[in-house]
Amino acid sequence: VELFFFFLFGGAALATAAYVIIAKNPINSAISLICTFLAVAGLYVLLNAHFLAIVQVVVYAGAIMVLFLFVIMLLNLAPEELGERRVTFLKLLGALLAAAILITLSRWFMSSEGPVPHGQTVIDNAAIPETWGGIRSVGEVLFAEYLLPFEMASILLLAAMVGAVLIARRGGVQ
Amino acid sequence: VSIPLSYYLILSAALFSIGVLGVIVRRNGLVLLMSVELILNAANLTFIAFAKYHQDLHGHVFAFFNIAVAAAEAAVGLAIVINIFRHYRSTNVDEVRALRG
Chain A
1 VELFFFFLFG GAALATAAYV IIAKNPINSA ISLICTFLAV AGLYVLLNAH FLAIVQVVVY
61 AGAIMVLFLF VIMLLNLAPE ELGERRVTFL KLLGALLAAA ILITLSRWFM SSEGPVPHGQ
121 TVIDNAAIPE TWGGIRSVGE VLFAEYLLPF EMASILLLAA MVGAVLIARR GGVQ
Chain B
1001 VSIPLSYYLI LSAALFSIGV LGVIVRRNGL VLLMSVELIL NAANLTFIAF AKYHQDLHGH
1061 VFAFFNIAVA AAEAAVGLAI VINIFRHYRS TNVDEVRALR G
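Protein sequences appear in the order of chains A and B.
For the first sequence, our numbering assigns the number 174 to the last residue and increments by one with no breaks.
For the second sequence, our numbering assigns the number 1101 to the last residue and increments by one with no breaks.
It should be emphasised that the hints constitute simulated quantities derived from the structure, not laboratory data.
Some clues are possibly wrong.
Said to hold, decoys possible - Heads up, incomplete: computed chain A residues facing chain B, CB under 7 Å, no partners named:
id: 1; residue: L14
id: 2; residue: P26
id: 3; residue: L33
id: 4; residue: V40
id: 5; residue: I64
id: 6; residue: A98
id: 7; residue: Y146
Claimed, not checked - Derived Cβ-Cβ restraints for the label pairs, each shown as a range:
id: 8; chain 1: B; residue 1: D1094; chain 2: A; residue 2: N28; range: 18 to 26 Å
id: 9; chain 1: B; residue 1: H1087; chain 2: A; residue 2: E130; range: 48 to 56 Å
id: 10; chain 1: A; residue 1: N28; chain 2: B; residue 2: A1098; range: 26 to 34 Å
id: 11; chain 1: B; residue 1: H1087; chain 2: A; residue 2: G11; range: 37 to 45 Å
id: 12; chain 1: B; residue 1: R1086; chain 2: A; residue 2: L157; range: 23 to 31 Å
id: 13; chain 1: A; residue 1: F5; chain 2: B; residue 2: R1086; range: 40 to 48 Å
id: 14; chain 1: B; residue 1: A1098; chain 2: A; residue 2: S111; range: 43 to 51 Å
id: 15; chain 1: B; residue 1: Q1055; chain 2: A; residue 2: F89; range: 41 to 49 Å
id: 16; chain 1: B; residue 1: A1098; chain 2: A; residue 2: L148; range: 36 to 44 Å
id: 17; chain 1: B; residue 1: R1097; chain 2: A; residue 2: F7; range: 40 to 48 Å
id: 18; chain 1: B; residue 1: D1094; chain 2: A; residue 2: T131; range: 45 to 53 Å
By construction, the Cβ of each residue, glycine as well, lies at the ideal position given by its N, Cα and C atoms.
Build the full structure now, drawing on both the sequences and the hints.
Okay, structure coming up:
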């Protein structure tokens, strides 16, 4: 059953991710990207990361994609600005590079020198308690060991907010 | 039935490659930013897969910070795209060459 859901969510993530970069209209890309994020959130649930699955849905599929859709609709791109689709040398080169990255990474993951040592390749479900990866267990690590980085993240978000307002303001930076 | 860790790693490598392909191929600034989000998601998936494999919650915390940084990056990136659109009436990143020497 777990394997079925892995292939379901994984296949959905790959298909919608591919459509993100194929789609001509940025709105189609954005909707497809939301589906990718939801599929990845499903994979997080399979990996016992319940808290991060919720965060993924709320922050990524919710907040960030609303921001994207809002900007797309704000810009109101004319059809001719969506760009024509043609095969160029650059696209061919890009496809080759992406394929090379995929093959190299996959070969390394499968090899014996890779990050997965032989003998224990399967993730052990039985050893993991039910609440592992929930809000309480993640929060205990987050607020005990990573309290300072957590506060730094809030400062980073504040700085990004001020910067975004300043950059996007009509008239720009004075 | 448990899933081998390498399945997750290969899936995230594939997502990463799709994101890289999008950054290289697409010239629309918005789709470029979306491809960057795909790359960040692939990295997060790797973090969480390894976190379960090692039964170590530090990977979850790192992925959490990754999401926070991605939110900040998206906000600033979209503000830049809006400004580029105001100047050039287009989101095509190839037309932005004012800094070219």
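Hint check:
| no. | hint | verdict |
| --- | --- | --- |
| 1 | L14 | holds, 6 Å |
| 2 | P26 | holds, 5 Å |
| 3 | L33 | holds, 5 Å |
| 4 | V40 | holds, 5 Å |
| 5 | I64 | holds, 5 Å |
| 6 | A98 | holds, 4 Å |
| 7 | Y146 | holds, 5 Å |
| 8 | D1094/B / N28/A: 18 to 26 Å | holds, 21 Å |
| 9 | H1087/B / E130/A: 48 to 56 Å | holds, 54 Å |
| 10 | N28/A / A1098/B: 26 to 34 Å | holds, 30 Å |
| 11 | H1087/B / G11/A: 37 to 45 Å | holds, 41 Å |
| 12 | R1086/B / L157/A: 23 to 31 Å | holds, 25 Å |
| 13 | F5/A / R1086/B: 40 to 48 Å | holds, 45 Å |
| 14 | A1098/B / S111/A: 43 to 51 Å | holds, 46 Å |
| 15 | Q1055/B / F89/A: 41 to 49 Å | holds, 47 Å |
| 16 | A1098/B / L148/A: 36 to 44 Å | holds, 39 Å |
| 17 | R1097/B / F7/A: 40 to 48 Å | holds, 44 Å |
| 18 | D1094/B / T131/A: 45 to 53 Å | holds, 51 Å |
In summary, the structure agrees with every hint in the numbered list given earlier.
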